Amino acid sequence: MIIQLRLFAGLKEPLGRDAIEVMLTPGATAFDLKAAVAESYPELAPLLAGTRVAVNQTFVASDARLAPGAEVALIPPVSGG
Amino acid sequence: MIRITSEPIDLNALYAHLASPRSGALVVFTGHVRDHNEGQRVKGLDYEAYAEMAERQMTLIRDAMHERWPLERVALIHRVGALDVGDVAVAVGISAAHRPAAFEACRYGIDTLKAEVPIWKKEHREAGAQWLQNPEA
Numbered sequence: 077m078i079i080q081l082r083l084f085a086g087l088k089e090p091l092g093r094d095a096i097e098v099m100l101t102p103g104a105t106a107f108d109l110k111a112a113v114a115e116s117y118p119e120l121a122p123l124l125a126g127t128r129v130a131v132n133q134t135f136v137a138s139d140a141r142l143a144p145g146a147e148v149a150l151i152p153p154v155s156g157g
Numbered sequence: 311m312i313r314i315t316s317e318p319i320d321l322n323a324l325y326a327h328l329a330s331p332r333s334g335a336l337v338v339f340t341g342h343v344r345d346h347n348e349g350q351r352v353k354g355l356d357y358e359a360y361a362e363m364a365e366r367q368m369t370l371i372r373d374a375m376h377e378r379w380p381l382e383r384v385a386l387i388h389r390v391g392a393l394d395v396g397d398v399a400v401a402v403g404i405s406a407a408h409r410p411a412a413f414e415a416c417r418y419g420i421d422t423l424k425a426e427v428p429i430w431k432k433e434h435r436e437a438g439a440q441w442l443q444n445p446e447a
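If you read the protein sequences in the order shown, they are chains A and B. Per our numbering, the very first residue in the first sequence carries number 77; after that it's consecutive. Per our numbering, the very first residue in the second sequence carries number 311; after that it's consecutive.
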């Protein structure tokens, strides 16, 4: 399945993009997603430590399974406030 | 009141929103852009938000505050865009009958916002700019 994901903050800069696509097997998890991003977009790999995955605007655990059509985002360690 | 805004935060409107006849205590925390960090001069901060999720997380924080403490009103406001030293980046406001709940809830509100809300700051120094991470995150 193809997953579209939104990028924010420092993750936008290496590629100059605010969204990317990765190809995942059905039933892939958030952990698998980050591994796929690192492999398909090596410029992002060094920035993924501590990055969380959000699905439909909610943080998910590493073992959460992803489904096509959901809004997925990579959330780098936050720095609001 | 939950708000992400690119306009300067209106503190008069915030106080007017929080005040109520039932509230004897009103506590507002405002976070301002500081002129230094890690021993170096800071020229300004750019704030970016994943706005839809940030509002959702801020709403969850507000609901948790109402659940844990007896509060009248809660406001969480964050500004985004390019901010100068001294600008107010965030406001967490509480009104309650009595001050213990107001102080505790306010502290919880800002501490949790800094850990859980998808907003990021890019710090501009003389030598360049970098995206920061909160220790709470």
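If you are wondering where the hints come from, they were derived from the structure by calculation, not from laboratory data. Any given hint could turn out to be false.
[As the list claims (entries may be wrong)] Restricting the straight-line Cα-Cα distance to at most 20 Å, the calculated cross-link-like pairs of lysine to aspartate or glutamate (EDC-like) are:
id: 1; chain 1: A; residue 1: K88; chain 2: B; residue 2: E362
id: 2; chain 1: A; residue 1: K88; chain 2: B; residue 2: E348
id: 3; chain 1: B; residue 1: K432; chain 2: A; residue 2: E97
id: 4; chain 1: A; residue 1: K88; chain 2: B; residue 2: D373
id: 5; chain 1: A; residue 1: K88; chain 2: B; residue 2: E433
id: 6; chain 1: B; residue 1: K353; chain 2: B; residue 2: D394
id: 7; chain 1: A; residue 1: K88; chain 2: A; residue 2: E115
id: 8; chain 1: B; residue 1: K432; chain 2: B; residue 2: E358
id: 9; chain 1: B; residue 1: K424; chain 2: B; residue 2: E446
id: 10; chain 1: B; residue 1: K432; chain 2: B; residue 2: D373
id: 11; chain 1: B; residue 1: K353; chain 2: B; residue 2: E446
id: 12; chain 1: A; residue 1: K110; chain 2: A; residue 2: E147
id: 13; chain 1: A; residue 1: K110; chain 2: A; residue 2: E97
id: 14; chain 1: B; residue 1: K432; chain 2: A; residue 2: E115
id: 15; chain 1: B; residue 1: K424; chain 2: B; residue 2: E436
id: 16; chain 1: B; residue 1: K432; chain 2: B; residue 2: D397
id: 17; chain 1: B; residue 1: K432; chain 2: B; residue 2: D356
id: 18; chain 1: B; residue 1: K353; chain 2: B; residue 2: E414
Keep in mind it's a predicted model, so treat the numbers as computed, not measured.
Going down the list of hints, with the structure as the test:
1. For a cut-off of 20 Å, the pair hint linking K88 (chain A) to E362 (chain B) stands: about 18 Å separates their Cα positions.
2. Proposed proximity of K88 (chain A) and E348 (chain B) is contradicted: the alpha carbons are some 25 Å apart, above 20 Å.
3. Only pairs whose Cα atoms come within 20 Å are accepted, and K432 (chain B) paired with E97 (chain A) is rejected, the gap being roughly 25 Å.
4. Note on K88 (chain A) and D373 (chain B): the hinted pairing is violated, with a Cα-Cα distance of about 32 Å set against a maximum of 20 Å.
5. Taking the CA atoms of K88 (chain A) and E433 (chain B), the gap is near 16 Å; set against the 20 Å cutoff, the hint holds.
6. Proposed proximity of K353 (chain B) and D394 (chain B) is supported: the alpha carbons are some 7 Å apart, at most 20 Å.
7. Straight-line distance between C-alpha atoms of K88 (chain A) and E115 (chain A) comes to about 17 Å, which keeps the hinted pair within the 20 Å bound.
8. Taking the CA atoms of K432 (chain B) and E358 (chain B), the gap is near 8 Å; set against the 20 Å cutoff, the hint holds.
9. Pair hint K424 (chain B) plus E446 (chain B) holds up; C-alpha atoms about 6 Å apart against a cutoff of 20 Å.
10. A hinted pair counts as satisfied when its Cα atoms are at most 20 Å apart, and K432 (chain B) with D373 (chain B) does not qualify at roughly 29 Å.
11. For the given pair, K353 (chain B) sits about 23 Å from E446 (chain B) by alpha-carbon distance, which is inconsistent with the 20 Å threshold.
12. Restraint check: the Cα-Cα separation between K110 (chain A) and E147 (chain A) comes to about 15 Å, which is no more than 20 Å; the hinted pair holds.
13. Using a Cα cut-off of 20 Å, the hinted pair K110 (chain A) and E97 (chain A) holds, with the two alpha carbons roughly 12 Å apart.
14. Our distance criterion of 20 Å between C-alpha atoms is broken by K432 (chain B) and E115 (chain A), whose separation comes to about 27 Å.
15. A hinted pair counts as satisfied when its Cα atoms are at most 20 Å apart, and K424 (chain B) with E436 (chain B) does not qualify at roughly 26 Å.
16. This hinted pair checks out: K432 (chain B) and D397 (chain B) have alpha carbons roughly 15 Å apart, not beyond 20 Å.
17. This hinted pair checks out: K432 (chain B) and D356 (chain B) have alpha carbons roughly 5 Å apart, not beyond 20 Å.
18. A hinted pair counts as satisfied when its Cα atoms are at most 20 Å apart, and K353 (chain B) with E414 (chain B) does not qualify at roughly 32 Å.
Consistency note: the structure conflicts with the earlier hints numbered 2, 3, 4, 10, 11, 14, 15 and 18.
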